[in-house]
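Which chain is which? The protein sequence lines are A and B, in order.
The opening residue of the first sequence carries number 890 in the numbering used here; numbering runs sequentially from there.
The opening residue of the second sequence carries number 638 in the numbering used here; numbering runs sequentially from there.
Because the hints were derived from the structure by calculation, they are not lab data.
Quick reminder that beta carbons are idealized off the backbone N, C-alpha and C, glycines included.
Careful, some of the hints might be misleading.
Stated by the list, open to error - Here are the computed lysine-lysine pairs in the DSS-like style, where the Cα-Cα straight-line distance is at most 25 angstroms:
{"id": "1", "chain 1": "A", "residue 1": "Lys892", "chain 2": "A", "residue 2": "Lys981"}
{"id": "2", "chain 1": "A", "residue 1": "Lys981", "chain 2": "B", "residue 2": "Lys732"}
{"id": "3", "chain 1": "B", "residue 1": "Lys732", "chain 2": "A", "residue 2": "Lys987"}
{"id": "4", "chain 1": "A", "residue 1": "Lys892", "chain 2": "A", "residue 2": "Lys958"}
{"id": "5", "chain 1": "A", "residue 1": "Lys987", "chain 2": "A", "residue 2": "Lys958"}
{"id": "6", "chain 1": "A", "residue 1": "Lys958", "chain 2": "A", "residue 2": "Lys981"}
Unchecked claim - Part of the chain A face toward chain B, derived, beta carbon under 7 angstroms:
{"id": "7", "residue": "Gly932"}
{"id": "8", "residue": "Tyr935"}
{"id": "9", "residue": "Lys981"}
{"id": "10", "residue": "Ala984"}
{"id": "11", "residue": "Thr985"}
{"id": "12", "residue": "Asn986"}
{"id": "13", "residue": "Phe990"}
{"id": "14", "residue": "Gly991"}
{"id": "15", "residue": "Thr992"}
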Amino acid sequence: DAKTTQPNSMESNEEEPVHLPCNHSTISGTDYIHWYRQLPSQGPEYVIHGLTSNVNNRMASLAIAEDRKSSTLILHRATLRDAAVYYCILTKGGATNKLIFGTGTLLAVQP
Amino acid sequence: NAGVTQTPKFQVLKTGQSMTLQCAQDMNHEYMSWYRQDPGMGLRLIHYSVGAGITDQGEVPNGYNVSRSTTEDFPLRLLSAAPSQTSVYFCASSKTGGPYNEQFFGPGTRLTVL
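Sequences and hints are given; from them, build the entire structure.
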């Protein structure tokens, strides 16, 4: 199964954009790229997912490299509530929706 | 919709005791799964189900049993609890088992085995 690599931690200031990177150099053509986040003492929460094209929703944007070997989750204006662990996860096309979590990126947001 | 609910929120067991962690969803989702999360680590998949009557093993299934008799419920059974099963347990569901689906997670059950 393809793996993802994320920085252990990142810092941001409130109301500034945040770019969270994810490398997935062994991704296959049918793998989906998902992002989830986990706020302290809560269950994970879906953020966004994509396959080949960039995606936008009310929470964030997902920018996928042309070769699909990396992607970036973009929070347009960080708030204190965005402080969480962010997980970049691949799911295999044609397979079941099993999420294999790594250790993610711990995002700290400074006021 | 209540979404995904889990009971109990907290539980303390003694080694060798058995118990069932409850998970229910009211979204008519076909796919349900159980994860455990140990301190400082990501979640690991225990068991999953693509529909009523169908279950399969995840990454760390040993020591746990599941069954899926209805679409709504997916209980996780610990037959003989061990200290290594001290963890936070999360249940999740999605509309179908397809790899493009958003998964919804419950609030978790914090289990301590003494």
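Cross-check of the supplied hints:
no. : hint                : result
1   : A:Lys892 / A:Lys981 : 11 angstroms, holds
2   : A:Lys981 / B:Lys732 : 17 angstroms, holds
3   : B:Lys732 / A:Lys987 : 13 angstroms, holds
4   : A:Lys892 / A:Lys958 : 11 angstroms, holds
5   : A:Lys987 / A:Lys958 : 20 angstroms, holds
6   : A:Lys958 / A:Lys981 : 15 angstroms, holds
7   : Gly932              : 3 angstroms, holds
8   : Tyr935              : 4 angstroms, holds
9   : Lys981              : 6 angstroms, holds
10  : Ala984              : 6 angstroms, holds
11  : Thr985              : 4 angstroms, holds
12  : Asn986              : 5 angstroms, holds
13  : Phe990              : 3 angstroms, holds
14  : Gly991              : 5 angstroms, holds
15  : Thr992              : 5 angstroms, holds
The structure fails none of the hints (numbered hints given earlier).
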